[in-house]
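Line by line, the protein sequences give chains A and B. Position one of the first sequence corresponds to residue 193 (my numbering), numbered consecutively onward. Position one of the second sequence corresponds to residue 1407 (my numbering), numbered consecutively onward.
Nothing false has been slipped in among the hints.
With a Cα cut of at most 30 Å, we get these calculated DSS-like pairs of lysine-lysine:
| # | chain 1 | residue 1 | chain 2 | residue 2 |
| --- | --- | --- | --- | --- |
| 1 | A | Lys267 | B | Lys1572 |
| 2 | A | Lys260 | B | Lys1592 |
| 3 | A | Lys325 | A | Lys310 |
| 4 | B | Lys1687 | B | Lys1708 |
| 5 | B | Lys1592 | A | Lys275 |
| 6 | B | Lys1741 | B | Lys1718 |
| 7 | B | Lys1503 | B | Lys1592 |
| 8 | A | Lys249 | B | Lys1498 |
| 9 | B | Lys1572 | A | Lys382 |
| 10 | A | Lys310 | B | Lys1572 |
| 11 | B | Lys1572 | A | Lys249 |
| 12 | A | Lys309 | B | Lys1687 |
It is worth saying that the hints were derived from the structure and are not from the lab.
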Amino acid sequence: MEEKYAITVDDLTVAYNYKPVLWDIDLAIPEGVLMAIVGPNGAGKSTLIKSILGIIKPIAGSVKIFGKPYSKQHKEVAYVPQKGSVDWDFPTTALDVVMMGTYGSLGWIKRPGQKEKKASLEALEKVGMLSFKSRQISQLSGGQQQRIFLARALVQNASIYLMDEPFQGVDATTERAIINILKELRKAGKTLIVVHHDLQTVPEYFDWVTFLNVKKIATGPVKDIFNDGNLTKTYGINYKVSVQE
Amino acid sequence: MNFTEYIDLLFTDYTLQTITLGTAVLGALCGMLGSFAVLRKQSLLGDAISHAALPGIALAFLITGSKDSNTLLIGALISGLVGTFWIRGIVKNTHLKSDTALGLILSLFFGFGMLLLTFIQKMPNANQAGLDKYLFGQAATLLTSDVWTMCVIAGLSLLVLLVFWKELKLMLFDADYTKSLGFNIKFLDVLITFFIVVSIVVGLQTVGVVLMSAMLLAPAAAARQWTNSLSVMVGLAAIFGATSGVLGTAISASANNLSTGPVIVLIAAVFVLISFVFSPKRGLLFREIRYWNNRKDLQLNKTLAFMYHIVKTHENIDHPHAIKILNSFQGFTRKSLQKLEDREYITLNKSMWSLTEKGFEKAANLYNQSEENE
Ligand SMILES: Nc1ncnc2c1ncn2[C@@H]1O[C@H](COP(=O)(O)OP(=O)(O)O)[C@@H](O)[C@H]1O
Ligand SMILES: [Mg+2]
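Produce the entire structure from the sequences given, and follow the hints as far as they go.
This is the structure in structure tokens:
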């Protein structure tokens, strides 16, 4: 069974101030899936993503990206943080934020040039935000800010995308636009891991799912494991979601 | 001394030139680095650092017996750094919030510093006077060598900002993302914190422990109001800081016995006040004006939209209607009808009104927009 995994997580345990937030997580995410991470608020979804990215140091366990530690593979991974994690009143423009996606491949000190600018404009175009390129970021709507974050990840040109609630606070049009881009990326062979809140849309949007609530409840293809049993185990209450077969 | 005498003196008096240059460079340095403290929401940190530096000054004097400012400032630097990294250690390793840790270290170090200063004052040896200038600052004691130190540090800071501009900006905006791109955020953090500590320490002799954090924050807070670009903000903050330094020195030199440090800080505070009221994009004044204009426009648009509804049911746009029909609708006054006519949206004819082509289009657009926004 020599399947190729984009991300493998082994015995991962994370705690803030001695309070365990993730407990003994094992995950093997196959390459090329579009995976949802679902779980209630405070389940540790953001923490899991940050641990995979090496932003948070776990107290135990390890994470491998294509079989190697994150520090060697950061160019393979693009991150879309939760929108609320930054101060949108920061003095900068939409294009400037997207350009930040090129900083990783530039490395230390080297400044972005024409090539990076062109790639950033293309990413803006792709998310339908080209006409907002010079807009101060505080003047963007929530959905537009989310698109800017997506464009910044796109410009990284990575193989793996980790996204923390990219549909949070966006209107239906933006949600459509974003999911179309995600599906396109998967078709191009990318691996996408998305923290997702709307359980109704899981079967429509995703082909793989991980249930998380401090512990890993289940992980696998949506059609096999997205059922009321796992939802109830994850959310604690008797959950009924009509899953279209 | 009046102002013209001051100008004359500025061209002839070496001491005044030294002090003016010193306060200008210090202001620029503080403005530049203060922008980073403001944008990282570390406003209290400056206060903690400057207060934490005090015992270092006293200890340096006790150990070396020298009052040479560079010696004392090394002491200040060491205790400032110890205080800063102690605060960070507390925040990282305990449940205490950062403002609690800041307050704790600030009072602990400042209290200890004051204790040492009192002790030094009671010492029999006569060489102790003058250390208290570090409390409120005394620009008049600036020597050429002090100004040189400031210039070197300002130059180094500028160099660091230029070299690591991209990384520092990224970290300011989104630290987690910076880490995910493989940048060593600890290095960047220590780098910028180190230079903030250094700039506070070199300002102590001029502005003093108590007011130093205002010197760091005020020019940056003022600059933020005028621009939406980080580089412009840092540049403006440097200019505001330098101007505060020069003006503060001028005023205190012209009016005898006004101490320079507090005057510089006051000028910086005036910059903040003016910026918060008058800046076109974020200032209170223009916000208020925009608010009233919007309200007036809203009133007009409401009337126009109402007219549009009536006109839509007719074949030709310019079909005249009685003003009376508008009576059932609260949102119009004679004045607002006049305004609509001034803008060529409607034409008035005695007791009748009719919509113009332009008015119809405007109203139709209003309609589309409000639908799009929903
Ligand atoms: N920086 C932090 N310090 C302390 N506790 C935290 C921190 N970040 C998150 N937590 C706690 O960890 C738990 C999991 O948080 P998170 O990963 O953000 O959950 P989710 O993204 O699933 O809502 C929550 O109980 C939260 O309160
Ligand atoms: Mg979260």
